[in-house]
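Visitor: Each chain is listed here by its residues.
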Amino acid sequence: MISSQTRTNRRRFLIEIARTVCGVSLFATGLGFYANKAHSLPETSLRPPGAINEEDFLGACVRCGLCVRDCPYDILKLADIQEDTATGTPYFNARQIPCEMCEDIPCVAACPTSALDKSLTNIDNSRMGLAVLIDQETCLNFQGLRCDVCHRVCPLINDAITLEPRHNKRSGKHALFIPVVHSDKCTGCGKCEHACVLTEAAIKVLPLSLAKGKLGDHYRWSWKEKESAGKSLVTPDTQHQYHLPEGLQYDHAGKGLIGDKK
Amino acid sequence: MSDATEHSVSSRSLFDRYKWLVARRFSQLFILSLFLLGPVSNNWIVTGNLSSSLTLNVLPLTDPFLLIQSFIAQQDIAETALLGAAIVIVFYIIIGGRVYCSWVCPLNIATDIAAWLRLKLNIKTSSLFHKTTRYWLFLAILIMTFISGTLAWELVNPVSLVQRGIIFSLYLSAGVFFFILFFDLFISREAWCGHLCPVGVFYHLVGKFSLVRISAYHRDDCDRCNDCFTVCPEEQVIKPALFGKLKNIDPVILDGNCTNCGRCIDVCDRNVFKFTHRFNKKELLKSPGDQ
Chain R
1 MISSQTRTNR RRFLIEIART VCGVSLFATG LGFYANKAHS LPETSLRPPG
51 AINEEDFLGA CVRCGLCVRD CPYDILKLAD IQEDTATGTP YFNARQIPCE
101 MCEDIPCVAA CPTSALDKSL TNIDNSRMGL AVLIDQETCL NFQGLRCDVC
151 HRVCPLINDA ITLEPRHNKR SGKHALFIPV VHSDKCTGCG KCEHACVLTE
201 AAIKVLPLSL AKGKLGDHYR WSWKEKESAG KSLVTPDTQH QYHLPEGLQY
251 DHAGKGLIGD KK
Chain A
1001 MSDATEHSVS SRSLFDRYKW LVARRFSQLF ILSLFLLGPV SNNWIVTGNL
1051 SSSLTLNVLP LTDPFLLIQS FIAQQDIAET ALLGAAIVIV FYIIIGGRVY
1101 CSWVCPLNIA TDIAAWLRLK LNIKTSSLFH KTTRYWLFLA ILIMTFISGT
1151 LAWELVNPVS LVQRGIIFSL YLSAGVFFFI LFFDLFISRE AWCGHLCPVG
1201 VFYHLVGKFS LVRISAYHRD DCDRCNDCFT VCPEEQVIKP ALFGKLKNID
1251 PVILDGNCTN CGRCIDVCDR NVFKFTHRFN KKELLKSPGD Q
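Taken in order, these protein sequences are the chains called R and A.
Residues in the first sequence are numbered from 1 upward in steps of one, following the working numbering.
Residues in the second sequence are numbered from 1001 upward in steps of one, following the working numbering.
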């Protein structure tokens, strides 16, 4: 026989446990949603060089700040609780202060976990983000001026950013020197964004996931296919017929209209 | 329970009554100041924070509970962190698991202040939380870590928020110290360290095997004044050791939740308690004629 006292006690115990488990589950669910939201790193926050992809980073980084302490230029900082970047994780803001791309990469060496990839030994291979010339309407070079600051400060000048001459339609007689970023070279250090002379930078370092397009897997570039096949894969190209006056030739490859050799 | 620490005028010296408390406070502040020495005076004896650190450029230490969470989050465990965590675990297995709580964790200062003010101001609000809450929370956090694949708990963990906040001048994070203090003081008794903290649960598990323990060595002398129960942050751990003689329970406190804080040694006017090791099951029997 179970006494009514025992039954009441057991009842109260079970209710208390149920209350606790429900409360804890509610908290954990809330925490899960919060953690999920914290996955999305603000686009102005850049991770240190060698950082593994964001989702794994948040599972591997123990928020110890050793990378922050070993950064010789005090570029990295840990996120405080009210910031959008996940609490306690290291980041930098390129517009405020960009990565100096130390050759010995002390931040990666300092990391005790797998959050910063130790296999990164050449800083030029780091991909903290990708610089994107995001506003052509305000970029001075797009207006025909020779600002060139982003190009000149780039640690991989003429590799990561090149200046491509283009016709200036406005004046009709000058050239535009368009800064073009190359994703196979740009490390995302942010020097260009930091140096941009505009009030709001026209060139910005964005997370690679945001900055890069992706070609459909089925896509083929016909000229590359033609090159690798050694011939056209569709209708063969026919020689273009020019109807030029006597004594004139046209060089398709670049020289244009040329007179007869004399 | 009355304000037991003041119920009788003690004949013992101030040193005897506060030595372990002062030693603990010193230890907590000393560890924090080692971390602060770098940013303040550019002497980098210890770098990092309590989550992971490097001492004198050679000794790596890593919070083992964090590394376990990282493992559960299906991340690769780096060698440095693994070595650091192993050193920490061995240290606490020797010195007492929850020694982290009472001798290292800066939040202990907040909860100690809250407990002291509760006695002084005679605040009697009971606990909002069932005593098993922390174990459920511990479990829930591990599950959430597995599901999310991230160190979700670290986004809100007051223990790391406060120490990191102090060491890295993150003012809002450091301010969580006061949140815990006032929560413990006004809202729920011994809420953080005694009922909620999952970090404490982890070190409690380590403490189940730890060598240094407190023993009610002189338990025959106990006059049941309750002073030790009043000051103990985990008072349930004392009872079996202190009153278990008739049930043949050894006087050494083996409960992993004993934080080795030594407050019971400080407050006991009958010198019942002392530090010893877990295998010392001896007790000092009452000498005949002693009254």
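Rather than coming from a laboratory, the hints here were simulated on the basis of the structure.
Note that beta-carbon positions come from the ideal geometry of N, C-alpha and C, so glycine has one too.
A portion of the hints provided could be inaccurate.
[What the hints assert, rightly or not] Restraint-style ranges between C-beta atoms, simulated for each label pair:
1) A:P1039 - R:L120: 24 to 30 Å
2) A:L1128 - R:G213: 50 to 56 Å
3) R:L120 - A:F1146: 48 to 54 Å
4) A:E1079 - R:W221: 41 to 47 Å
Visitor: Are the hints correct? Go through all of them and say.
Guide: Evaluation of the provided hints:
no. : hint                         : in the structure
1   : A:P1039 - R:L120: 24 to 30 Å : 27 Å, holds
2   : A:L1128 - R:G213: 50 to 56 Å : 53 Å, holds
3   : R:L120 - A:F1146: 48 to 54 Å : 28 Å, violated
4   : A:E1079 - R:W221: 41 to 47 Å : 44 Å, holds
The structure fails hint 3 only (numbered hints given earlier).
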